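Trainee: What follows is the residue order along each chain.
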Amino acid sequence: MNPDLVIDVSGLSKSFGGRPVVRDVAIQVRRGEICGFLGPNGSGKTTTIRMLCGLLTPDAGEGTCLGYDIRREAPLIKREVGYMTQKFSLYEDLSIRENLDFVARMYAVPNRDGEVDRTLEQLGLVGRQHQLAGALSGGWKQRLALAACILHKPRLLLLDEPTAGVDPKARREFWDQIHRLAADGLTVLVSTHYMDEAERCHAIAYIAYGRLLVRGTVDSVLQDSNIATWLVKAPDPAALARQLEGRPGIDMVVAFGTVLHVSGLDPEALDRAIGPWRDDPQLQWSPAEPSLEDVFIALMSRTRDELQ
Amino acid sequence: MGVPPEMLMTRFSLRRFWAVLIKEFVQMRRDRLTFAMMVGVPVMQLLLFGYAINADPKALPTAVLSAESSAFTRSFLAAVENSGYFRLVREATSEADAAALLARGDVQFVITVPSDFSRRLVRGERPPLLVEADATDPAATSNAIAALSHLAGTALARDLGGSLRHLQPGEPPFEVRIHRRYNPEGNTQYNIVPGLIGTILTMTMVIMTSLAMTRERERGTMENLLAMPVLPVEVMLGKIIPFIVVGYIQVTVIMLAARYLFGVPMVGSLFVLSVVLVAFIAANLSIGFTFSTVAANQLQAMQMSFFFFLPSILLSGFMFPYRGMPDWAQALGEILPLTHFLRIVRGILLKGNGWAEVWPELWPLLAFMLGAMLLAMLRYRRTLD
Ligand SMILES: Nc1ncnc2c1ncn2[C@@H]1O[C@H](COP(=O)(O)OP(=O)(O)OP(=O)(O)O)[C@@H](O)[C@H]1O
Ligand SMILES: [Mg+2]
Numbered sequence: 001m002n003p004d005l006v007i008d009v010s011g012l013s014k015s016f017g018g019r020p021v022v023r024d025v026a027i028q029v030r031r032g033e034i035c036g037f038l039g040p041n042g043s044g045k046t047t048t049i050r051m052l053c054g055l056l057t058p059d060a061g062e063g064t065c066l067g068y069d070i071r072r073e074a075p076l077i078k079r080e081v082g083y084m085t086q087k088f089s090l091y092e093d094l095s096i097r098e099n100l101d102f103v104a105r106m107y108a109v110p111n112r113d114g115e116v117d118r119t120l121e122q123l124g125l126v127g128r129q130h131q132l133a134g135a136l137s138g139g140w141k142q143r144l145a146l147a148a149c150i151l152h153k154p155r156l157l158l159l160d161e162p163t164a165g166v167d168p169k170a171r172r173e174f175w176d177q178i179h180r181l182a183a184d185g186l187t188v189l190v191s192t193h194y195m196d197e198a199e200r201c202h203a204i205a206y207i208a209y210g211r212l213l214v215r216g217t218v219d220s221v222l223q224d225s226n227i228a229t230w231l232v233k234a235p236d237p238a239a240l241a242r243q244l245e246g247r248p249g250i251d252m253v254v255a256f257g258t259v260l261h262v263s264g265l266d267p268e269a270l271d272r273a274i275g276p277w278r279d280d281p282q283l284q285w286s287p288a289e290p291s292l293e294d295v296f297i298a299l300m301s302r303t304r305d306e307l308q
Numbered sequence: 001m002g003v004p005p006e007m008l009m010t011r012f013s014l015r016r017f018w019a020v021l022i023k024e025f026v027q028m029r030r031d032r033l034t035f036a037m038m039v040g041v042p043v044m045q046l047l048l049f050g051y052a053i054n055a056d057p058k059a060l061p062t063a064v065l066s067a068e069s070s071a072f073t074r075s076f077l078a079a080v081e082n083s084g085y086f087r088l089v090r091e092a093t094s095e096a097d098a099a100a101l102l103a104r105g106d107v108q109f110v111i112t113v114p115s116d117f118s119r120r121l122v123r124g125e126r127p128p129l130l131v132e133a134d135a136t137d138p139a140a141t142s143n144a145i146a147a148l149s150h151l152a153g154t155a156l157a158r159d160l161g162g163s164l165r166h167l168q169p170g171e172p173p174f175e176v177r178i179h180r181r182y183n184p185e186g187n188t189q190y191n192i193v194p195g196l197i198g199t200i201l202t203m204t205m206v207i208m209t210s211l212a213m214t215r216e217r218e219r220g221t222m223e224n225l226l227a228m229p230v231l232p233v234e235v236m237l238g239k240i241i242p243f244i245v246v247g248y249i250q251v252t253v254i255m256l257a258a259r260y261l262f263g264v265p266m267v268g269s270l271f272v273l274s275v276v277l278v279a280f281i282a283a284n285l286s287i288g289f290t291f292s293t294v295a296a297n298q299l300q301a302m303q304m305s306f307f308f309f310l311p312s313i314l315l316s317g318f319m320f321p322y323r324g325m326p327d328w329a330q331a332l333g334e335i336l337p338l339t340h341f342l343r344i345v346r347g348i349l350l351k352g353n354g355w356a357e358v359w360p361e362l363w364p365l366l367a368f369m370l371g372a373m374l375l376a377m378l379r380y381r382r383t384l385d
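Going line by line, the protein sequences match chains H and A. Take 1 as the starting number for the first sequence in the working numbering and just add one per residue. Take 1 as the starting number for the second sequence in the working numbering and just add one per residue.
Source of the hints: derived by calculation from the structure; they are not laboratory data. Incorrect hints may appear among the rest.
[Unchecked claim] Beta-carbon label-pair distances, calculated as ranges:
1) A:E218 to H:R272: 49 to 59 Å
2) A:Y248 to H:D69: 39 to 49 Å
3) A:M377 to H:A135: 33 to 43 Å
4) H:G18 to A:F307: 28 to 38 Å
5) A:V267 to H:G127: 55 to 65 Å
6) A:Q330 to H:A135: 45 to 55 Å
Owing to the predicted nature of the structure, the values given are computational and were not obtained by experimental measurement. Ideal Cβ placement from N, Cα and C applies to all residues, glycine included.
The following block holds chain H by itself, in its conformation from the complex (with noise of 0.2 Å):
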């Protein structure tokens, strides 16, 4: 057991009523590694975390989380876990405060009316603290959600989703806050739809129908992806698109605007694919930087080709 992996778990499997959601997924994060979590709807990313923290008990599969056994020790880990769920599970009618004060006590946070101020304090809470949960907006729970996980300090954080429905300026205050936290040691797992906040993590895992298909920096998942992207410009890119899309080599076919994003995780199968196309001069071919996104979604159309 390496004692510097916070999570370190493999083999993780799930199925509810017969149907298989997690699959012999492996995670490792290190500790004060911001480890992102990508992946589809549906994907298993909600399953994979509630196994982490002990609220599913895989069917298969073992590992550690902050080296107590997942199985085993579940009510170990949730003493030093910091859990926000994906939609908001605090108390509607009651406030702000009285959320905060519930949960120091759960956790026996000593000093607790101190540390219910200062953690109101660190995320801007102070002057809506008396109001209900339930009536603040969407990017207000959050902090609140946000400010409960981390009120007792935990050693690891798992973040279901915690920008989702936040504005642009909430969602980047949210993540210069996490990385203050992990740069105080805090290890955290979270799961995000936003490839901007997949860039700001210092490693990524995505999973695609239960099945954990990459993972490593982003640097790393982008080189070894291996995956090409052609940008062409034509004048009726949406009848290009039908043509392209489904060819034995082309993975993906995105338009933005009038211009076409082409990828292949076959470079070679690619060339081959768009070349009866190349010499039209009606199009501009000009070799693109894969993108994050791109590498995704080409891996998950692959992934459900062969899973078909």
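Since the structure of chain H is already known, use the hints to place chain A with the ligands on it.
Mentor: Below, chain A with the ligands without anything else, positioned relative to chain H:
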């Protein structure tokens, strides 16, 4: 290694229990409608039930089946009418006729004067006068019957002057035999108002706690609660205890009304009663909490509560006399907390019972409570699986 990790978590923490308790109190205070219901329901039920039952019906239709017509019978019947409770509407022609009148509900009472009534009266044989009452609605007949028994001593006072004076003092000169038909055990109004304490508590307490966990689940707060290091027993006690306070408020309202609106006597010790109340309320709360750990949503929880409430009022002796029920129903009734509580509360308020009489009914209550709590703990799921 020191302390094994499991040990650290399995110990009850007063602090976490306290956290849940405070949270529940704050939420209860915010939920004005529920709070109003908790106080409003007992008042409403009490007024409805109490006044409906407390009505003291007069001039009840009565038939007479008289085999003789003498001065004595005339005086007696006059006194019967003068009591105000009876209105002589019919002369029954035969026993069969009288029985039919009663069965159809045409009359509430049939008074039968035997053929040799006067003769035996004069001889001092204390002849019986049979009064049959339709006691399907005991509240309707109980006062009338009470008045009737009293009449035996006074109705013939004037007729029994002179040589018959020796029949007067002490024992009444004749005997009024009362047959309550259709309902062997006539409950009185005093029986019912104390009983209401039990039924109202059963209803409100079970419903309120049955929503306790389902509400967390439906509002999505369950996930957060489960993610926290809290023990099931801490959650259970934290959610149950606020309702003991609510239960006490309800009882106070009912007792005050019982005393001042209905004049129910309170012979026994209110201290004993208040101790028993804790056990009874807790028993209901724990069954409610058990329901809430089983039910998938609030609607199911409500249905389970009613499923429990119905046998409680039907089989506990609140609605129907316990001894009138078949054995299997009595056996079921013995399990229910309300059955035992009704005996206790009636015993304390009306008979002045103390610990010695209360205990045989108290321990089944406690056993039920522990059983329900145990079940709740077994059913409490600590994961979202
Ligand atoms: N308790 C449950 N019972 C049955 N099916 C479930 C349950 N929880 C999740 N699922 C199913 O498992 C799959 C994965 O769900 P999960 O919530 O883990 O996805 P996700 O990656 O978090 O998606 P999203 O990005 O939309 O939040 C979905 O198809 C979902 O319907
Ligand atoms: Mg999710």
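Trainee: Does each hint fit the structure? Answer for all of them.
Mentor: Hint check results:
{"no.": "1", "hint": "A:E218 to H:R272: 49 to 59 Å", "verdict": "holds (56 Å)"}
{"no.": "2", "hint": "A:Y248 to H:D69: 39 to 49 Å", "verdict": "holds (46 Å)"}
{"no.": "3", "hint": "A:M377 to H:A135: 33 to 43 Å", "verdict": "holds (36 Å)"}
{"no.": "4", "hint": "H:G18 to A:F307: 28 to 38 Å", "verdict": "holds (32 Å)"}
{"no.": "5", "hint": "A:V267 to H:G127: 55 to 65 Å", "verdict": "holds (60 Å)"}
{"no.": "6", "hint": "A:Q330 to H:A135: 45 to 55 Å", "verdict": "holds (54 Å)"}
Violated hints are absent here; each numbered hint is respected by the structure.
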